[in-house]
Amino acid sequence: MKNALNSRAVGSAGTMAVRILFAAAAAFPIVFMLVSSLKTDQQIFGDMSSIAAFLPIGNISFDNYGAVFDRVPAARFLMNSIGISAITVVLGIFVNSLCAFALSRMEVRGKRIVFTAILATLIVPFQTLALPLVWWVNQLPYFELNGFSLEFSKGWLDTYQVQIIPFIANAFSIYLYHQYFESIPKELDEAARIDGAGWFKIYRQVVMPLAGPATATVAILTFLPAWNSYLWPLMVVQSEELRPVMIGIQYFFQLNVSWGEVMAYASLITVPVVILFIAFQRSFINSIASSGVKG
Amino acid sequence: MTTTRLPAVPPNPAPSSPAPSSRRASAPAAPGKPRRRRHLREQLSGWAMIAPATVLLLAFVFLPAILGFGLAFTNARLVSPRPIEFVGTDNFVRMFTDPTFWRSLLNVSYFALVVVPVQSGLALVMALLINKKFRGVNFFRTLYFLPVVTSIVVVSLLWLFMYRKDGLINEFLSNVSFGLIQGPDWLNDPATAMPAIIALSIWQAAGFHMIIWLAGLQSISGELYEAAQLDGASPWHQFRYVTWPGLRHTRTLILVTITIQALGLFDQVNVMTQGGPLDSTTTIIYEAVRSGFKQQETSYASAISLVFFVLVLLISAVQRYLTREKD
Chain A
9 MKNALNSRAV GSAGTMAVRI LFAAAAAFPI VFMLVSSLKT DQQIFGDMSS
59 IAAFLPIGNI SFDNYGAVFD RVPAARFLMN SIGISAITVV LGIFVNSLCA
109 FALSRMEVRG KRIVFTAILA TLIVPFQTLA LPLVWWVNQL PYFELNGFSL
159 EFSKGWLDTY QVQIIPFIAN AFSIYLYHQY FESIPKELDE AARIDGAGWF
209 KIYRQVVMPL AGPATATVAI LTFLPAWNSY LWPLMVVQSE ELRPVMIGIQ
259 YFFQLNVSWG EVMAYASLIT VPVVILFIAF QRSFINSIAS SGVKG
Chain B
2 MTTTRLPAVP PNPAPSSPAP SSRRASAPAA PGKPRRRRHL REQLSGWAMI
52 APATVLLLAF VFLPAILGFG LAFTNARLVS PRPIEFVGTD NFVRMFTDPT
102 FWRSLLNVSY FALVVVPVQS GLALVMALLI NKKFRGVNFF RTLYFLPVVT
152 SIVVVSLLWL FMYRKDGLIN EFLSNVSFGL IQGPDWLNDP ATAMPAIIAL
202 SIWQAAGFHM IIWLAGLQSI SGELYEAAQL DGASPWHQFR YVTWPGLRHT
252 RTLILVTITI QALGLFDQVN VMTQGGPLDS TTTIIYEAVR SGFKQQETSY
302 ASAISLVFFV LVLLISAVQR YLTREKD
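Chains A and B, in that order, give the protein sequences. The numbering of the first sequence is our numbering, which starts it at 9 and goes up by one. The numbering of the second sequence is our numbering, which starts it at 2 and goes up by one.
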């Protein structure tokens, strides 16, 4: 009996040790990044061979962060990424939930075929589309209201809209909303209709307020790829003032590389997402778990 | 059913309107009329709500997919004054006779063959470690998941720094071996560049699949474990005869998602090695981007993308086949 207890205690201590080992493996590069962002290059390389690499000790300062803003238009990149992600998320929530609402709750002829066609797009990975899409957006027309004259131009390359519009509609977001709307009783719509509400009012005032969890999931699953987007802006954006944060990384490898500054920039574009993740942990994990299911 | 009258994807609200109105003509007048009108309005507002998303999906998913298929058989360039010409299978002939393309296929296969078992295995271990409730479970789950919310571009940059000849990894190896191991220049050596990329990719993505394993683990009934314990099953036997069979569907799902992600390898390569040294890390998507973007050969890049898509379809078909029996 005593032996069994002992072996179980040893077992659970062993399990805890393995847990800690995995936690250390998961965290060490990120700790290293944050700590190095506070050090000079000389100190980073000096500390490399000891535990000091992970400790904010020695000559600690925020100088690298200041230098980042001198070397690259970091504020501009951050504003671009915030703007692009925010607009994509807001429009994505609106357009996809609206579509899912009609497909789920209204009598619309042909909706089953439409829904099937939408779901069929899930099998196409973005990498397959990316290169034909570059060619395609370069053929698209664009209208701009300049004062009172309507200006016409060809090609979306090197604009903000090319970073936003192709990513608003998303089959998976429509699917998630559809699933969620199906779980909301349709009697609510009936009741609202008897009170004289139109369909858009039912969408806005009855169904959407109840769909909070679905909206959180869609917001996170739209925000992360928008913030992290790299391949797409790499190909379609040339002007510095239109670039998002991930492309900014290239700037640090021109001329002499300062690793302290690289780590400061990397921290700068990672920490906001990590803070969001810790604040909305449950939603993040549920969202990403649901995205795995689409396979 | 009148569904056959509609194309697979709706162009606009118009096609649906004639049907209700023609039916209204033959309907009995008094009680039916308001309802019919209401029905027509429901059709119209329904299509108005469906339209924005479907038009965008048409323009940015359906059309590029079809275009990609078509462009693969032409000589289209990203920017070119000359009209596009049909060239038959020229792009495919060129691709299948290009050793770099075969090298990229070989590289992603190597990547997938290591990443699929190791990453799914580690992810399962991580899921088992935090499956039971204990104090601090949230802390561990957050840490395990942290790499997943970190951008792969930042992760690649970070590991690029750690993989230097005088970087953190080699210093660590040298420390734990008391100076015996002098690590290689990981990313500049054709023999170690791909293993280095494999290691960081597993580090970044394992937390993602841990979450999917966890969802699978939590769907297994606790009663099964209680029954197994009553029968005196050891933890290993519980895993072998309760957990493992219970994860059958999760297993297929994870294998397929990891394989598809592995075949699409791009970001890490672009940040860390640009396909080198000596093409030892080039991938299908990297070759597509190199030809389609850097050399502006949209047609050739479309042909490569098409081959990638066929591979993804094949893997999805294998998934269908593997999950077929019980459904």
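Honestly, the hints are just simulated from the structure, not real lab data. Note that the structure is a prediction, hence the values are computed from the model and not measured. Check each hint, because a few of them may be wrong.
Said to hold, decoys possible - Example chain A residues on the side facing chain B (calculated, C-beta under 8 angstroms, incomplete): (1) F109; (2) L127; (3) I131; (4) W143.
Unchecked claim - One-sided and incomplete, this derived list gives chain B residues near chain A with beta-carbon spacing under 8 angstroms: (5) G47; (6) W48; (7) L58; (8) L64; (9) M127; (10) L144; (11) V154; (12) F162; (13) E172; (14) L174; (15) S178.
Yeah, the Cβ is synthetic: ideal placement off N, Cα and C, and Gly gets one too.
Here's how the hints hold up against the structure:
no.: 1; hint: F109; result: holds, 6 angstroms
no.: 2; hint: L127; result: violated, 11 angstroms
no.: 3; hint: I131; result: holds, 6 angstroms
no.: 4; hint: W143; result: holds, 4 angstroms
no.: 5; hint: G47; result: holds, 3 angstroms
no.: 6; hint: W48; result: holds, 6 angstroms
no.: 7; hint: L58; result: holds, 5 angstroms
no.: 8; hint: L64; result: holds, 7 angstroms
no.: 9; hint: M127; result: holds, 6 angstroms
no.: 10; hint: L144; result: holds, 4 angstroms
no.: 11; hint: V154; result: holds, 5 angstroms
no.: 12; hint: F162; result: holds, 6 angstroms
no.: 13; hint: E172; result: holds, 4 angstroms
no.: 14; hint: L174; result: violated, 11 angstroms
no.: 15; hint: S178; result: violated, 13 angstroms
The structure is inconsistent with the numbered hints 2, 14, 15, although it conforms to all the rest.
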